[in-house]
Amino acid sequence: EAQVTQNPRYLITVTGKKLTVTCSQNMNHEYMSWYRQDPGLGLRQIYYSMNVEVTDKGDVPEGYKVSRKEKRNFPLILESPSPNQTSLYFCASSLSTGVDEQFFGPGTRLTVL
Amino acid sequence: AQSVTQPDIHITVSEGASLELRCNYSYGATPYLFWYVQSPGQGLQLLLKYFSGDTLVQGIKGFEAEFKRSQSSFNLRKPSVHWSDAAEYFCAVAPLGSGNTGKLIFGQGTTLQVKP
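Chains A and B, in that order, give the protein sequences.
Going by this note's numbering, the first sequence opens with residue 1469, and the numbers climb by one from there.
Going by this note's numbering, the second sequence opens with residue 49, and the numbers climb by one from there.
Next up, chain A with everything else stripped away, as it sits in the complex:
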């Protein structure tokens, strides 16, 4: 089944404790992206990647890192999480560009205490 998977689905952590949210797609998509969803703000792009080893900042990159060492994986790293990073996070992928249909993962709900 074609899908985007994220792990973990739920995470509660404390300020400053490094964490990684994994994202994997099995559709051989070149483009991958991370969004955060906050009430009343819709989704905002954090980082995106056009292909392996090619990543760039979105609208709200502060406090986040990403890497794209393999085509299928695009982990989101929070080196020192803070409470304002409490949010619902979505990974998405598309065939080659961002205006192709984006396929979204199920989301990761992160709470930083």
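Derived by calculation from the structure, the hints in this document are not laboratory data.
The beta-carbon is built from N, C-alpha and C at its ideal position, and this holds for glycine as well.
One or more hints might be untrue.
Unchecked claim - Mimicking DSBU-like on lysine-lysine, the simulated pairs with C-alpha atoms at most 30 Å apart in a straight line are: (1) B/Lys97 <-> A/Lys1525; (2) A/Lys1537 <-> A/Lys1486; (3) B/Lys109 <-> B/Lys163; (4) B/Lys97 <-> B/Lys109; (5) A/Lys1485 <-> A/Lys1539; (6) A/Lys1539 <-> B/Lys97.
Said to hold, decoys possible - With beta-carbon atoms standing in for the labels, derived distance ranges: (7) B/Trp131 <-> A/Val1520: 41 to 47 Å; (8) B/Gln161 <-> A/Ile1545: 36 to 42 Å; (9) A/Ser1550 <-> B/Glu63: 39 to 45 Å; (10) B/Ser62 <-> A/Pro1574: 25 to 31 Å; (11) A/Leu1556 <-> B/Ser74: 22 to 28 Å; (12) B/Lys163 <-> A/Lys1485: 41 to 47 Å; (13) A/Lys1533 <-> B/Ser74: 28 to 34 Å; (14) B/Phe99 <-> A/Gly1508: 25 to 31 Å; (15) B/Asp102 <-> A/Asn1552: 42 to 48 Å; (16) B/Glu63 <-> A/Lys1537: 32 to 38 Å; (17) A/Val1520 <-> B/Glu63: 43 to 49 Å.
Place chain B on chain A using the hints.
Same frame as chain A, now just chain B:
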């Protein structure tokens, strides 16, 4: 500034009634336009998109949307709503030339509740 506005935060309709969800955008030129749906606990799914051509586009699940350049709008419609349509709906735009960045600008979302 570029923006997408969904004026209705929450809409309630009766099952079988028609539905229209509003979306307005603010850009210098016509962007690429999308509607996504998010069912509870799920990721987003593309309903339909408009790039150019016929201004009335058909999507999945019986949805359609009409692009009106004069009003900078891209409203989503469905003639008869089903209980399973209860979800959150997001309008999104991608400015021309943003294909490489994939920078979708999302509206705030409209939550649809369906009454039996």
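With respect to the beta-carbon atoms only, verify the hint that lysine 163 of chain B and lysine 1485 of chain A lie 41 to 47 Å apart. This hint holds: roughly 44 Å between Cβ atoms.
Does the Cβ pair aspartate 102 of chain B, asparagine 1552 of chain A satisfy 42 to 48 Å? Holds: the Cβ-Cβ distance is about 43 Å, inside 42 to 48 Å.
Run the distance test for lysine 1539 of chain A versus lysine 97 of chain B: straight-line Cα separation, threshold 30 Å. Roughly 26 Å separates the two Cα atoms, so the pair holds.
Hinted pair lysine 1537 of chain A and lysine 1486 of chain A, Cα distance within 30 Å: 20 Å, holds
Just to be sure I understand the hint, the distance between the Cβ atoms of serine 62 of chain B and proline 1574 of chain A should be within 25 to 31 Å; is that true here? The hinted range 25 to 31 Å holds for serine 62 of chain B and proline 1574 of chain A, with Cβ atoms some 30 Å apart.
Given a hinted range of 28 to 34 Å, is it respected by the beta-carbon distance of lysine 1533 of chain A and serine 74 of chain B? 32 Å, holds
Just to be careful, I want the Cα atoms of lysine 97 of chain B and lysine 1525 of chain A compared with a cutoff of 30 Å; is the pair within it? 25 Å, holds
Starting from the hint 43 to 49 Å, judge whether the C-beta atoms of valine 1520 of chain A and glutamate 63 of chain B obey it. Distance hint for valine 1520 of chain A, glutamate 63 of chain B holds at roughly 47 Å.
Does 32 to 38 Å hold as the CB distance between glutamate 63 of chain B and lysine 1537 of chain A, or does it fail? Violated, at about 48 Å.
30 Å Cα cutoff - pair lysine 109 of chain B, lysine 163 of chain B: 18 Å, holds
With a cut-off of 30 Å on the C-alpha distance, tell me whether lysine 97 of chain B and lysine 109 of chain B pass. At roughly 14 Å apart (the allowed maximum being 30 Å), lysine 109 of chain B and lysine 97 of chain B satisfy the hint.
Please check whether tryptophan 131 of chain B and valine 1520 of chain A have a Cβ separation lying inside 41 to 47 Å. 43 Å, holds
In terms of the numbered hints stated before, the structure departs from hint 16 and from no other.
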